[in-house]
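Q: The working numbering puts the first residue of the first sequence at 1, with every later residue one more than the last.
Just so you know, not all the hints are guaranteed correct.
Stated by the list, open to error - The calculated label-pair distances, taken between Cβ atoms and stated as ranges, are:
hint, residue 1, residue 2, range
1, Ala-168, Ala-16, 50 to 56 Å
2, Gln-425, Glu-54, 35 to 41 Å
3, Glu-548, Asp-480, 18 to 24 Å
Rather than coming from a laboratory, the hints here were simulated on the basis of the structure.
Quick reminder that beta carbons are idealized off the backbone N, C-alpha and C, glycines included.
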Amino acid sequence: MQWSKLFIPTLREVPAEAEVVSHQLLLRAGYVRQLAAGIYSYLFLAQRSLLKIEKIVREEMDAMGAQEMLLPALNPAEVWQESGRWDVMGQNLFRLKDRFDRDLCLAMTHEEVMTTIARGELRSYKQLPQIWYQIQTKFRDEPRPKSGLLRVRQFLMKDSYSFDLEPAGLDASFDKHYEAYKRIFTRCGLEFVAVEADSGAMGGSQSTEFMVASDAGEDFVVVCGSYAANLEKAVAHPVPPAAPDPDGEFEPEPVHTPGVKTIAEVADFLKLPASSQMKSLVMMADDKPVLALVRGDHQLSETKFASVMKAREIRPALPHEIRELFGADPGSLGPVGVKNIRVIADKALEGRRNMVAGANRDDYHLLHVTPGKDFPVEFADLRQVAIGDTCMECGLPVAIRKTIEIGHIFKLGYKYSDAMGLRVQGPDGSDVRVIMGSYGIGIERILCAAIEQSHDSNGIILPPAIAPFQVVITPVNNGDEAQKQAALQIYQACQSLGLDALLDDRDERPGVKFKDAELIGIPFRITVGKKLAQGMVELVTRKSKTSEDVLVAEAAELVGKLCR
RNA sequence: CGGGGCGUGGCUCAGCCUGGUAGAGCGCCUGGUUCGGGACCAGGAGGCCGGAGGUUCGAAUCCUCUCGCCCCGACCA
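Produce the complete structure using the sequences and hints provided.
A: Laid out in structure tokens, this is it:
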């Protein structure tokens, strides 16, 4: 294509509203324009890149035997009411009414519709397994869209759904996706990590997220050697307590601690490190109070807590609730003498003795509190992994990294098939429940992640597989007939090799053309200039900023090799 | 939803405090000179200052309300 005829509105300055790099560059390079908060128009370059990403996704999905469909984005309320998600999704679901006052929504995923199709049509075990997928626009009424294309209200997603007869079949479908996802992200040129993820309180035995390290991300993952998990789910050995527990059989002993409330203040006042204290957190799990205990220097993981409680909704208790339940204010709370409230402690407190806790009396703490002896307790993993923790597998310190989630694969189990009555007839004529999995990929997020991961002060650096064009041919002076002809010749040679080539035939100064080509991230540039007299042109690699002189006749073929 | 910031030509921003109906750079158009890293000269087009109401002789500027966008937090199948 000829640049002079294209709409590629590059910007010299960064639009004020863009904060994260991928957002700034997508705007500057003329890929996207914003229509409203979290709603973007994908212009020519973005669309080309997204189509290439989709093509890779399709090839790999098709290769595993998945079948592509296209389902409605506009859904009747009924199917969402059947699955229960009409209520569960709350405000995140875009809802609307039609002219007859019927409730509708814009789908944020397609479990309901897929299950509706499956239960109407799948009748025999012989028809299983099935894997169905689609690439389409999803809608979510995000409370706070942000970070350019990373958290938006309308976005493209590849979602697939597997239907199997038994758990082993689901495992196989899950594994197929796992492998396909690795190939997809590798082909897209991304450095990614697959991590264990929290599968939520409602069903689902296993889930894996695919993450790309980036400061623009919103998720944290814990990684070390072969271990990788979302921070919400990660486990690791805590650093040992800073001081040994006092030896001996003691009874809890009140100590006056006026105005001493926080862990740090208690540590200072009693000259005992935070790790010798029990942090008492009053939580409401589905509106029932629970006292959660973690080591003083540890943090409660709300995800783990919710999961242990099997609660749909958890929140910290309000000050007045705490007062009513404990007779004391936060800062003096503890587990001793607590009645009719479930007490659950993090595993790091198991085996500890003679620790410090609040006395449930304002301005008092207790010394020598031992879990199990001084109060009944159950133990569970409640703690969020922290920097300094060591890996359960290799013993080395774990790293915590900020990441962008680009894919998530999920064993759903029977949640939707049970809720919506999806069964098939088994070999013996009886009804068999169908077990499902769901698997998502954020299409735009792949593009964003690629940009976040690979850019420099001049702009985007895209891998050839997902760049809108693989090569740009730039005659330094398009008014020079010899240069113009040579550029055209190379351009045509690229095309005949099947390369996506762009001919920069604009009547611009060379600096402008170089800057633009670099900004929009085209991996290779062939510059036709002075050396044409010797039959040579320059092949410039965007990523390495290196340049080599090549023969006019060989330029296209060289680029072809580099793109493979 | 809580906290903060910002809305002035296409983009970046000044002007607002101390009211007198708008300015710069870039971009755009025309002509010319240029042509290996976002050229130069000359000429030109383009905004009623997010919106509504109020105060005032007079409002981009002061007051009230409202809409939108961004950031932090809460939230995030």
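Q: All hints are to be evaluated individually against the structure, with a verdict given for each.
A: Each hint tested on the structure:
1. Ala-168 - Ala-16: 50 to 56 Å: holds, 55 Å
2. Gln-425 - Glu-54: 35 to 41 Å: holds, 37 Å
3. Glu-548 - Asp-480: 18 to 24 Å: holds, 22 Å
Violated hints are absent here; each numbered hint is respected by the structure.
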